[in-house]
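Chemist: Each chain, written out:
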Amino acid sequence: MSTRLATGGRLVNKAHAMEFAFNGKRLKGFEGDTLASALLANDQMLVGRSFKYHRPRGIVASGGEEPNGLVNMGRGETFEPNQRVTTTELFDGLEATSQNHWPSLEFDVGAVNAKLSRFLPAGFYYKMFIHPRPLWKHVYEPFIRQSAGLGKAPKDKDGDKYEHLYAFFDVVVIGGGVAGLMAARAAGASGAKVLLMEQTAVWGGRTPVDGPLYDATVNDGPVDKFVDELLAELGEMSNVTMRLRMMGAGVYDHGYLLGYERVNDHKPKAKGPRHRLWRIRAGRIVTATGAIERPLSFAGNDVPGVMLASAVRDYVVNYGVSVGDRTVVVTNNDDAYLTALALKAAGLDVPAIIDARAAGAGALAEKAKAAGIRVETGKGIASVKGGKRVTGVGICAQAGEGAVTEEIACDAVAMSGGWSPVVHLWSHCGGKLLWDETQAMFRPDPEKAPTGAAGEAFVSTAGTASGEMELGAVLADAEDAGRAAAKAVGKTPKKAEKPKAEGVQSNVIQPIWMMPQGANVKLRMKSWLDYQNDVKVSDVQLAAREGYESVEHAKRYTTLGMATDQGKLSNINGLAILSDALNQPIPQTGTTTFRPPYTPISMASIAGEARGEIFQPLRKTPMHDWHEANGAYWEPVGHWRRPYTFRQSPGEEIGAAVKREINQTRGSLGLLDASTLGKLIVKGPDAGRFLDMLYTNMMSTLKPGRCRYGLMCNENGFLMDDGVVARLDEDTFLCHTTTGGADSIHAHMEEWLQTEWWDWKVYVANVTEQYAQIGVVGPNARKTLEKLTDADLSAEALPFMAWQDIEFGDVKARVFRISFSGELSYEIAVPASQGRAFWDQLLEAGKEFGVMPYGTEALHVMRAEKGFIMIGDETDGTVIPQDLGMDWAISKKKDDYIGKRAQQRSHMADPERWQLVGLQTVDGSVLPDGAYCVAEGDNANGQRNVQGRVTSTYYSPTLDRGIAMGLVKHGPDRMGEVIEFAKVDGTTVPTKIVSAVFYDPEGEKQNV
Amino acid sequence: MSKAVSALQGAVYQGYVEVREVGLVGMITLRGDLSSAKMKKAVKDACGVDLPGQREIAVAGDKGAAWMSPDELLLMVPYEGVGDALAAIEAALSGEHFLAVNVSDARAVFQVQGKAAREIIAKLCPVDMAPGAFEPGMIRRTRMAQIAAAFWMVDAETIRVVCFRSVAEYAFNLLKDAAEPGGETGLFA
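So the sequence lines, in the order shown, correspond to chains G and V.
Letter by letter, the first sequence follows residues 1 to 1008 in the working numbering.
Letter by letter, the second sequence follows residues 10001 to 10189 in the working numbering.
Chain V on its own, in the form it takes in the complex (with noise of 0.2 Å):
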């Protein structure tokens, strides 16, 4: 059997927050038309949520729809359902232009949980993670460090972190450093 496995295989590190590396999750690369009808039934068919706004993410479930731009979202769905969702977006959009692109095994996906997830995260992004600055259906695609990820709240003390599967190791040892025990910084207490 080749079994697909994500990058670090479900690494994680228990600091004053916890990081884990969160393993497969399906993702779509969609391009096209933002605003029109088909785009919109579409998301609504592959993920079951509605097209999100600028800087959005709109999740169900273990679904979900990301603004990337104004022209690309990124589909999350869990990763043996990404056939059948491309399947539902192909068939909304026939006869439109866009693209659709399977972008699963591109990716790492990382949950920082804790009390002081926030400052985590702005100890490597350049985001004002403050408390009504930034929350839950929110999405941000921005530098960690010195790589290209993107970053949501799953909840008040849940943030999830994707980036390329190239630098999965990386990112982990980022927030793996960040969340050492003395870092605290108390920024969002």
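Isolated chain G, as found in the complex (with noise of 0.2 Å):
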């Protein structure tokens, strides 16, 4: 059993007690212990089942790259699926359970899938559930739905906050073990401004751990004397920031960097972010990531109670946890020798090392016989005993195929295939890996680092990461690291003595991908490579006989290195059994893509502070509150909220809120806010030149003081903004653009002026919110702003399509005289800052003519009722103003504008292009948005052909019936034919081809 030891644990702090709960059970921990060692301490080894057979598994590491304890944290608003137990620091209260399993832990009925295993091979989903097809859908989706996948999805709105910084440094140091320390003390010393992150709660790494165990001493001291003296260093340093529980997450381009920092992960109740998401620019990056120790492959090694040597000494040595009583070692280096150090100084019992290496280890094999541990060489494990917790091992000799000499009883096994260098966050922008032989391991290349813009290396090695595996040579290479980092970013790096380091000798690694060498193909099916996602040696090997000989189609065939720990454990053993598979060297088989983050972020802290009422902006009008005051039903229009109607009561229907606006505006007096309207200044002796440009229409010979409807395309000729243009003097002109093109259209007049026409004397200026707008539309209209100004509003003095500035009381105004709703109408613009005072001044005004504002669905019926365009509505980007009918508005005098060319190409003239028309139904029905015409006969899709379709439809209260709009073949030459409308039930609306103006087709309601 696994279980608290009464001495050692240099982390925790046992006068601290902890209690939290596992699955509902209440257990206790100390402050400095993970999950896992708490978990441990417990005797809870089991933690979890397997993705694909439920199979039982236990903790298996002592960091990120644990790929078995994925448990669901907390409840409700703090509830998190897939958290690891070794990244996770234990907290008062703290709540776990286990996932993927059903009914529980220690009973799931989904382990009978292992049972199935033999029928259950790589690929399988593949082969299995491509026919027959609606199998899939009704029978196997669902089934494997059920029985696959790890934590459940939350269902509540995350209680916590998050948040980004942006922050800019010449270093940046990514990893706080010894190697990071002295990179970073390194640039520092030169002045660099630096950063240092460690992903955990502690600086120093593996180091302290491991250093005593070999004797080792830096400048003849103990290692973590060293560890303190270099803490002590960088705080005096002003230049050096260091953060603790900050992972590096993602290396960008341009030398763009995440830096993941868990704020409050282990104080939940804190004010403040859970998460914090650093968006940091560096001069260099300098990874000082360590290594991950590899598992080795041999039947049962996914049984609960067989771990990584490391991560048993690190249970022992940091949180005084030990595994089991009695645990067997197995490795082909000498590095987990240490760990039967590690357990005998605790008192614990070492049955064996089981050294696969036929010479065995060097000095530290003498330790370890020395302390009485007996050590066997050249032997490997045949077969683990035990289901859901370790209970022996066979013992065989590794150059056979299995055959057991000797069973060992025990309860944990601790094994160690070698070290692979964390070369991640090297390889996320394009650092390249060479295959070190000597080492078995895959490091990073210093020669093809990736590159900056001007093919500068901005990502640079430290330590073990660069594949340094002994201690002298590991700090030696990280202050090069850091000192080369300060240089490159343009500091002198100053000269300093590298420490001193000593300790025992080790024997060579022999790389060990199988064990036995010869394992038969039922020791193979046993012997897990992805403990994540159940891949196992056979599975690879049979990818590789199927043909996938590409690491990339191995890894989505099999699913080996998928998942939420990407293969930290599994790729390289994954990778070096394909190449044995392929019969070819590990390096031309080459490793998957290292892709951000390096362990996965929350995805809130991605998101940031955009949640809640910041989600995203909301534009608001000067009136806005007034609005919302007054039984607004808001529609969405760009980031802008406006007005759809406005409900005289809750229970007011929006049709008939609608109905009344309409009709109050034709009868009466109407207000709409239409501040949102773009307004863009253009100034300059060529400024006429440019609008007739930018217009189809001529807009140079516009007199000032008055208005003209524009249209504008693109260079493809399609009708994209339109609106009406004021000329205020001789130079000036004021441009309004729909809601929507103000940024879009402003945009596009300077890409032109910046560009193309840049000798050109125009200025634009971008004055939409200056000024909130408000219509005042209705017969009533003048009457009502006669009795705020004395200026003369009368026809002669401003007629239709005119402009004056007039002031009401004290408001400076401007008012227009045009009209989108065909009744006598002013569009006045007045400051934003007294636009809400104005607005509450009409609406006194206005009260004896029952004054009414009108939202955004009453203006669209009205302008219908009119049969004026809508961009958006009549437009969607395929367009062109001929197709409108709106020839009128196209200049024939001019030589060109911005899209003349494109509409004289063929398909642009041809007279099959459908044309406008107003559509009336035959029984008064309200056609449905964008219904289709229908034509005789079926296209070559079998579909039925169509002849037209209808951009806009209402309910016209004006004339008690449905009116639309539409774009017909031939329309305009059709008038009076009845043509049928498809509706969604199948059957068609007749409907008659009329003129698309509705209402006053004289305009004699508007220009009085």
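Calculated from the structure, these hints are not laboratory results.
One or more of the hints may lead you astray.
[Unchecked claim] A short, non-exhaustive set of chain G residues, derived as facing chain V with CB atoms under 10 Å: (1) Ser104; (2) Phe107; (3) Lys193; (4) Val263; (5) Gly272; (6) Ser675; (7) Glu769; (8) Asp810; (9) Asp840.
Ideal Cβ positions, reconstructed from N, Cα and C, are used throughout, including at glycine.
Each of the two chains sits in its own frame; use the hints to bring them together as a complex.
Modeler: Take a look at the structure:
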């Protein structure tokens, strides 16, 4: 059993006990524990079930590489699945539950899959579920969704807070082990601005655990003293920023780097953000990310109790937790001997070290033997006994096929297959790797670093991450890396003596990819490569036999290296097996691509502050609050909110409210908040010439004081915006755009001025938000305004399509006599700061006329009754003005305008193009929006032929019937003809082609 | 009376820094040839300051001029003084090709004040806010979370932020969220 030892545990504070719960069971741990160490201290070795076969799974590692220990954390608004127990710091009141089992962790029905494992080989899903198709949807998929998968998605809104932070440094060092500390010190001493980050809660990395076990000293002192000295020195440097609990998540182009800081994960009740995503620009990035130990591939290597040797000693040394009373150590390198020594020192039993190498270890072997440990060389593990927990191992000759020569009773196995440098961050942005034959590892190729814009390397590695395995070499490499980084950012590194490191020497590793070397298929089917995805040696070999030669293909086919751990333990072992099966050297197989993030980061940290009321900017007009308080039923228009209609009581139907607003406006007086319309000032001696190019019609002939409606096309001739242009003076125009076009048309103008007509004297300014703009609309509009000003508002003084500056008391306004409703109408622009006050005045003045504000729907209906087009309804990016019968707005006199040439292309000039007409159903009903007009016969795809479509359709309260506009083939030539529009139920609606102007065709109402 | 009011009418939030809507500020967008002598005179006449260089702001009392682009400045004067300032510009630049337009009511102005003011901006804007990298006299036009914004430092602990009026509430809530106690980063401490 695993338990807490009476002594030891350099990271735990036994004076501070903490309570937590796992699957509802109350357990005890200490401050400084990870959830993993606390679970092991309570003999909770079994933590989950595997993905595919639902095999019992225990903790394997002690860090971010852990594939098995994934739990649900918290509940309700703090619930989060797939949290690694090894990287979760214990806190008082922590609640965790295991995942992927039913009905319970101890007894899981899905484990029957394991019995069927012979029938669930690699690529099984691909092979089985292709045919017959309907079975996939109704049988297989629901079954797989039920049985596969890790944690459950949260159901509640996340109750925590998250934020971003933009930071800029000369040098960023990732990893707070001795290499990272050294590199940061070297860079910091040069005066460079340095950030040093460490993903765990403690500095020092592996050295304080491993150093004493192999009698390491630095400058003749113990390693932990050296670490303390480095930390003290760094603490003195004001140019060095240090952060614990912060992971280098991803490296991107141009020195962009994501740092994932877990601010409050370990103190969930604290105020402030839970996670902070640092968005860093670094002059130079140094990865001091260390290495990850590899498992060995022997049968039963997934039985709970089989762990990485380094993890076993981490639990003993750091947390005072023994994984088992009797631990067999199995290895192909010297490092695992440290585990045996650590266990022995803690008073635990190590029945044997099984070393696959014939020559065994160096000085450490002697130390082990001196400690009374039996060392077997040239041996391997043939099988592991036990189901939910190791009970023993069968020993065999490594060179053989797995005949068991001896069984050793034990309750834990510590395995080491060697070390793989953590090259992820190096590789994210293109750093290449080379295969180190001697050390059996992929390590960064310093000649092929990720490069910046000028071809310079911007990432380098330090220490074990470079592939250095001896302490002295690690420190020297890190010092060099720190100095080189400082130099690369223009600093002068200080000369410093390299620390003198000593310790026992190691014998060379022997790559062991399969144990025993000649393992038969029965053993290979139980030798796990990927614990999380249930991929075994036999699966990778099968994939190779079936032709999956590319490592990327083999990954997808077998699922090796997928899911939350992304193969941190399995990748190298898997590709070694693949290489062997393909009979090619490992470097020829290569690795799969390393992509950010290094380990999963919270989705919420990516969103940062963008949630709740600041999820998105919401643009508000100066009258927004009045609308809100007066029954506005909102419609999103870009980031604006505009009232669709105003409900006079909460119970009023939307349609009824729209009808009421239209009738009131046409009959007497309505108000429209038109502040969102784009307003662009175009000024300069060439302004007229410029607008002649931008609009299809002539603007340069417009007289000051007058307004003209214009159309704007893009270079392809398609209509993209429309609006009224007012000439303010000889040199100055005010261009109104659609609400959505304000920014894009401004950009469009700037682009042409800056790239094509840079020598034209024109300046543009966007004054959209300077003004609150209010439409005063209806037969009583003039009478209302006359109450607020002495200015002459008569048709003679201010005729239709004219504008004037007029003062309404202390409000200086610009009044445009333009109409989008067909009624007598004034659009009045006032400073935004006085917008609400002026709105209130208009409401007061209009009271006697029953004034009502109206929303965007009434606006739409009234413009449709008049046959006015709407950008985005009648246009969709493929419509030209000629399609809309707007040839009148296209100047014949101008040599050119943007879109003119395009409109002359044969397809644009084709008389077969659908043309705008009015549509009136025979029965008076409202046509469905977007409905197609059917024609005879079918097309090549067996679909009914069409000859037109609806672009706008409304119920018209004015006419008390449905009205619509649409594009119909030869439409204008077919007036009076009845055509059929399809409904979704398959029937059609007989509809008459009519003029698009349904109301006041002579324009008598607006021109009074 | 139709008193002119700013978007948030002086809203204040006291977090680990103070966030305050400053109220109405007179602002003029001025475009033209920034190298011309007449332009220099126009800026001096309107705001009493020298024409600012690239990414700089010149401030004198309640007036100032900020560099916006190679051919654009933002002039700041008291809200009531815009008419006079525009007249001074028109006079100084008569005969030149330029554009001067009142944008006072199109903006919202905030002040972030406190020892940690720098990091509040660093949470929202992709700008190096470290002492030395950003100091009084500089201005940045940039992005604040999802909106356009510009800011400059009044002094070591005071930053002014300008954005469009329609998003004033979003901007205030952003700054407020960033300034909530517990969010201290200590980055520039």
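Chemist: Each hint: holds or not?
Modeler: Verification of the supplied hints:
1. Ser104: At 39 Å from the nearest chain V Cβ, G:Ser104 fails the 10 Å test, so the hint is violated.
2. Phe107: violated (43 Å)
3. Lys193: Because about 8 Å separates G:Lys193 from the closest Cβ in chain V, which is inside the 10 Å limit, the hint holds.
4. Val263: G:Val263 check passes; min Cβ-Cβ to chain V is 9 Å, inside 10 Å.
5. Gly272: OK, holds: G:Gly272 within 10 Å of chain V, min 3 Å.
6. Ser675: holds (8 Å)
7. Glu769: holds (4 Å)
8. Asp810: This hint holds: G:Asp810 lies near chain V, its Cβ roughly 5 Å from the closest one there, short of 10 Å.
9. Asp840: Because about 9 Å separates G:Asp840 from the closest Cβ in chain V, which is inside the 10 Å limit, the hint holds.
Of the hints listed earlier, those the structure fails to meet are numbers 1, 2, in rising order.
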